[in-house]
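Peer 1: Heads up: the sequence lines are chains A and B, in that order. Take the first sequence: its position 26, counting from 1, is numbered 109 in my numbering, and each next residue is one higher. Take the second sequence: its position 136, counting from 1, is numbered 219 in my numbering, and each next residue is one higher.
Don't read these hints as lab results, they were simulated from the structure. The structure presented is a predicted model; accordingly, all values stated were derived computationally and were not measured. All residues carry an ideal CB built from backbone N, CA and C; glycine is no exception. Certain hints may be false.
With a straight-line Cα cutoff of 30 Å, these simulated DSS-like cross-link-like pairs (lysine-lysine) come out [stated by the list, open to error]: (1) Lys92(B) with Lys187(B); (2) Lys430(B) with Lys392(A); (3) Lys392(A) with Lys187(A); (4) Lys264(A) with Lys392(B); (5) Lys147(A) with Lys92(A); (6) Lys430(B) with Lys187(B); (7) Lys392(B) with Lys187(B); (8) Lys92(B) with Lys147(B); (9) Lys392(B) with Lys310(A); (10) Lys264(A) with Lys92(A); (11) Lys187(A) with Lys92(A); (12) Lys264(B) with Lys392(A).
Facing chain B, from chain A, some residues (calculated, C-beta under 7 Å) [unchecked claim]: (13) Lys92; (14) Gly94; (15) Ala95; (16) Arg97; (17) Arg184; (18) Pro367; (19) Gln380; (20) Val386.
Listed below are the residues making up each chain.
Number of protein chains: 2
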Amino acid sequence: MRTVEWNEKIGAVRMIDQRLLPGEFRTVEYDDYHQVANAIRDMVVRGAPAIGAAAAFGLALAAKQDRSVRLGELRAYVLEAARLLQAARPTAVNLAWALERMLKVAASFQGGAADLRQAMLVEAQRIADEDVEINLRMARHGAALIQDGDTIIHHCNTGALATVDWGTALGVIHMAFEQGKRIHVLVDETRPRLQGARLTAWELQQYGIPYEIISDNAAGFFLSTGKVQRVFFGGDRMAANGDVANKIGTYMLALAAFDNGIPAYSVVPTSTIDLSLSHGGLIPIEERSQDEVLNIQAGGQPVHPQGAKARNPAFDVTPHRLLTAIVTENGVVYPPYEENLARVVKKGGS
Amino acid sequence: MRTVEWNEKIGAVRMIDQRLLPGEFRTVEYDDYHQVANAIRDMVVRGAPAIGAAAAFGLALAAKQDRSVRLGELRAYVLEAARLLQAARPTAVNLAWALERMLKVAASFQGGAADLRQAMLVEAQRIADEDVEINLRMARHGAALIQDGDTIIHHCNTGALATVDWGTALGVIHMAFEQGKRIHVLVDETRPRLQGARLTAWELQQYGIPYEIISDNAAGFFLSTGKVQRVFFGGDRMAANGDVANKIGTYMLALAAFDNGIPAYSVVPTSTIDLSLSHGGLIPIEERSQDEVLNIQAGGQPVHPQGAKARNPAFDVTPHRLLTAIVTENGVVYPPYEENLARVVKKGGS
């Protein structure tokens, strides 16, 4: 099944509740778009492309919920719902991108309110289907960069669970494995939410790909030993110059790869590339609750003194100078990024 | 009380059991040197200088345990005990350094076996007392580098708990605070054993120094925002050229500081400097049990799939090119390190 999909029978969005993995595989269904917004904020669903699809279905759901007969009233309702969905996660650009596509349908629609409801659902479905197809194209482009015998460091979760299906950076790794390349993955556990240890390890286990979990801060050691050939991660928002906001820790990982001459790749659909931002310093960085840092135990015991406070930025910006290449559905992009990214984004739009 | 000390009344080594902090403050007493070796391996006591003092007391204890009347037999017993203590942690040079000092006393001693037992205890006590004095000198040299209003990132635990008393890098921070400088510390939680979240946070709370815990992988974000002025860490073994083996993650932290032009300092007693090693690549790196990585829970739930494997290197090597200066008890050392480190080490020996 897909990470996010529309359940036609009951008219609801169905998602895998990723907060329960790897302990339990459970799906949840939402028939109210407010629930979808909460699910995005609480990270029932996470990963930029999956969030985009979830928001699109959420907006189709909002249109379905509204009882307006007049097109103008339905449009106003949908616009309001889009604002709420947008506010759920500020950094991921796919969220804004998907909502914009949905709103464009609403704005340009000619016909009755009921027909618009149907058109919005069709558009959300198209966004989801396109995501799967785009991921497969990225995976094929990226897999060509992986050699038989490679050991690869991967950050966060960028697999099927981060997208509608298949994945971005982990999709590339999965594809290389499907092509018969013998690979080994060192999985950054990805503090504080441990998406690597929880989700990437779980996915790799499903695929039968050999892996070991490492502390994020051990990546530098492994990179310096000469036993790692490649580093792969995704991206939540990329500026026009290739600077990429991604899960906290990506910057330090990319730095360590660069310092050791190991290639590092960001795998992003062109929907993640925000040409309106000239550089990464303009990307807003979400700071999440300190509880995400503090809520771990070791051997059942708390690991910080009572009353301790924490900071929890969810993303950092990796400067484009640290990226060997950027993998998109329209091909692998090399520097100079400003010029070459603009070209692949246009290619997608043409 | 000190982190490691001799309990004269019962003839035993007393230590704070650091595995129980911050939940519980408890001391343990060992009257068998095998227990001391186990305590070092199991990290009841940790931190290079504290390990050195613990090993010294452990060897004095071994001498006390042996019933030999002849000096030669006692010497042979002590040598065997030193081998066992040495094997407990391979990376920390203070362990070897302290044992060597103790063995020198044994080798050069003129007199009866009972007198050697006493002489070895005196030497262990001297090592412990000197550690406190050396730490105070390092703290004063290092505190001069900290400005009023600084925000400082600190890795692992290098405080009173890592030494006999006072600390190395955290001793410097503590001293600056005692001098009236207003400082704020961002505490790397320091996966996998979380010595930062557990011990450094606990110490800072005792001293009343404001702090916040961060994921290790968030240091790069904070360094890139321009809101951090300095980075401090200790060192477990430093080569002649200034390359320093320290807690896993130090290399990536130093890289991120360097990339943002933020000064990074390693604070080490000269006993940590191993002039026999020309560079850091020669330092053996201990790999510890995967359980240290895997044994965490979030909200009481496991955070990795059943059967997951992990890698757990305990240290990495930070190249000297990333260090702004090295703080020792004999002064602050700037590049060229090879020349200037040799000078401060000799100064200590003169």
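Peer 1: Taking the hints in turn, state whether each one holds.
Peer 2: Hint check:
Taking the CA atoms of Lys92(B) and Lys187(B), the gap is near 27 Å; set against the 30 Å cutoff, the hint holds. Between Lys430(B) and Lys392(A), the direct Cα distance comes to roughly 42 Å. Violation of the 30 Å bound is thereby established for this hinted pair. For the suggested pair Lys392(A) and Lys187(A), the alpha carbons sit about 43 Å apart, so the restraint of at most 30 Å is broken. Simply put, Lys264(A) and Lys392(B) have alpha-carbon atoms about 21 Å apart, close enough for the 30 Å limit, and the pair holds.
Simply put, Lys147(A) and Lys92(A) have alpha-carbon atoms about 14 Å apart, close enough for the 30 Å limit, and the pair holds. The suggested pairing of Lys430(B) with Lys187(B) holds, with an alpha-carbon distance near 20 Å, which does not exceed 30 Å. A C-alpha spacing of about 43 Å is found between Lys392(B) and Lys187(B), which places the hinted pair above 30 Å, so the restraint is violated. Between the alpha carbons of Lys92(B) and Lys147(B) the distance comes to roughly 14 Å, so the proposed pair stays at or under 30 Å and holds.
Simply put, Lys392(B) and Lys310(A) have alpha-carbon atoms about 18 Å apart, close enough for the 30 Å limit, and the pair holds. Distance restraint check for Lys264(A) and Lys92(A): the Cα-Cα separation of roughly 41 Å exceeds the 30 Å cut-off, and the hinted pair is therefore not satisfied. In summary, the hint linking Lys187(A) to Lys92(A) is supported, as the alpha carbons are separated by about 27 Å, within the 30 Å threshold. A C-alpha spacing of about 21 Å is found between Lys264(B) and Lys392(A), which places the hinted pair at or below 30 Å, so the restraint holds.
The restraint placing Lys92(A) at the interface with chain B is violated, with a minimum CB-CB distance near 31 Å, outside the 7 Å limit. The beta carbon of Gly94(A) comes no nearer than 32 Å to any beta carbon in chain B, farther than 7 Å, and the hint placing it at the interface is violated. Using the Cβ-Cβ criterion of 7 Å, the hint placing Ala95(A) at the interface with chain B is not satisfied: the shortest such distance is roughly 27 Å. Interface restraint check for Arg97(A): the shortest CB-CB distance to chain B comes to about 23 Å, outside 7 Å, so the restraint is violated.
Annotation: interface hint on Arg184(A) violated; nearest CB of chain B at approximately 31 Å, more than 7 Å. With a least beta-carbon distance of about 13 Å to chain B, the hint placing Pro367(A) at the interface is violated under the 7 Å criterion. A hinted interface residue such as Gln380(A) counts as satisfied when its beta carbon comes closer than 7 Å to some beta carbon of chain B; here the least separation is about 5 Å, so the hint holds. Interface restraint check: Val386(A) against chain B, minimum CB-CB distance 5 Å, threshold 7 Å, status holds.
When each numbered hint is compared with the structure, violations occur for hints 2, 3, 7, 10, 13, 14, 15, 16, 17 and 18.
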